[in-house]
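Trainee: Each chain, written out:
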Amino acid sequence: MIRFEAFLRRAAARDPDHVALVCRDARTGYAQLDAAADDFAVALGQHAEFRNGDRCVLFAENRLETAVGIFGTLRAGGVFSVLNPGTKADKLAWVLNDCEASVLVTQASLLTVALAAAARVPSLRCVVVIDATDSVGGMRWQDFMQGTPDCRLPAAVGIDSDLAMLVYTSGSTGQPKGVMMTHRNMVFAATSITSYLEMRSEDVVLSVLPLSFDYGLYQLLMCVMLGATLVLEKSFAFPQKILPMLASEKVSVFPLVPTMAALMVQLRSFDARWSASVRTLTNTAAALPPAHILKLQERFPAARLFSMYGMTESKRCTWLPPEYLPTRPGSVGMAIPGTEVWVVDEAGERLPANRIGELVVRGGHVMQGYWRNEEATAKALRPGRYAWEKVLHTGDLFRIDEDGFCWFIGRKDDILKSRGEKVSPKEVENVLYALEGVAEAALVGVPDEIQGQALKAIIVLADGVRLEADAVIAHCMARLEDFMVPRLVEFRDALPKTSSGKIRRAALQAEAEGRNAPEERE
Amino acid sequence: MSSIEQTLRRHIRQSLPGAAEIPLADEQSLIDSGILDSIGVLSLVTWLEKEFEIFVEDHEVIPENIDGIGALVRFVEAKRAELGLGR
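From first to last, the protein sequence lines are chains P and Y. Note that the working numbering gives residue 128 to position 128 of the first sequence, counting from 1, and the numbers run on in steps of one. Note that the working numbering gives residue 1046 to position 46 of the second sequence, counting from 1, and the numbers run on in steps of one.
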């Protein structure tokens, strides 16, 4: 096995001029990307005294520099973490402190947030600013990348079992958790996924998914592994801008989330030429409604559609071979190649076919744990078949039918999924409670065809307080990433509670979904 | 400020709450400011059609027409002029 950054060197050696990245109208060849990653690695040592195992946080949009930062950090023997550009200062500071980042890379348009956070992070040695016109607040990207001639790459930076990245994910306690992945984890996951998708070096992938989201990040990782081309865009807000690029860039692989599929099927006019080159569509995060599957197949007649399921802790868990889509449209299929999945009861015993239990995952893609969070790690990673092995307890409820196909039932904890992203009700409720006048608050997910779950805040106000829904939403907007902001607000006189006075969120969630309230432990 | 601009600003402030917290310059990008996302674009277009009695073609839903107060005002004025409607 090799470390992940070696794939970039290999792709550059094999076909130096092959386009690695198309971003903002600029085309970057593999040799160019490889050289930039070297420069970044050298600069880390020169400007930030970066040492093996140090963390570099990339708080920037989908762009060339983010990709350079990812591979440059690995080449310097470091650990990278990409954060959503919508992250607000408090959370950014929390994450930077949690991982004790040495270096923060950001861009001019995010500088206010970045500097507000950086001021509270004693471990930071260097802030690098892309698009900066002056050196206020940090080092300009171009100055950072300009090394002195006598600076060299570190000769040996480690092996494949080293930690390579931290992917921060929402936790039910309200604080994000850093999922630890080694080079070996990433090589394993990328190998397994590219094998069943039958991807190859001639592929052109168009991704609008953020690099902070592992589904988006792996588009880059898989392309580099194969020497394929990635067309990187930052948003699907204007499908009319993106879809023609499928044709002009001859895109063959187009990864989707349900929200994008919903937007595409709603377009009144869809030019058949756009989709002609696309041979692979993938979907994950939540199942597509059957009507959308049919419409997508009509609009992308040459493409095979892969329904998949996964979680950050093991990247991808299952995939449905496209030939089964007509007969099992609601299933997320079977374990990805080289891995196993099964369901267990509360006692951890394996359950027979069609019984509902927690999905357990086994394989080389399973994370090493949560960064400096032993309690959460012990809950998710449990002893496996061998003394040295740990298996992942996903917290997701599944049933596996007699033919081995997996069916997602729901979450064991109260994590919601909106627009394909995990949302911790606790994290949002903490923000709601910080608003003056809010006495009680609960966040629920209302079923929504486009978003999966639309977020709704249910609030009880303190006596004599008047508050408008707009003010609540604006308060959240200023403190939470966009996908976590509730767009629906309901005021009530009281919330249901247990005898010990705890708010019965599960009952409110059941009500939002139009089902009966579950039995709750007091 | 034209009445179209007033109506637009009022709607954006009310329905896209991120906008309530920051003053919006005419040519400021709503996407880059974090005010508008893909779902926001869709609902904004639906509202434009109803409010201004226009029909927005799919190919007109592009940043040049939608991403900013100034762009929206120009777009709505042009669409209404096409239909012989007033400002």
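Read the hints as simulated data drawn from the structure, not as lab findings. It is possible that some hints are incorrect.
[What the hints assert, rightly or not] Straight-line alpha carbon distances no greater than 27 Å define the calculated DSS-like cross-link-like pairs of lysine-lysine that follow:
(1) Lys88/P - Lys456/P
(2) Lys417/P - Lys502/P
(3) Lys295/P - Lys1079/Y
(4) Lys1079/Y - Lys456/P
(5) Lys379/P - Lys295/P
(6) Lys422/P - Lys456/P
(7) Lys1050/Y - Lys241/P
(8) Lys234/P - Lys250/P
Trainee: Could you check the structure against the hints above and give me the numbers of any it violates, in ascending order?
Mentor: 3, 4 and 5
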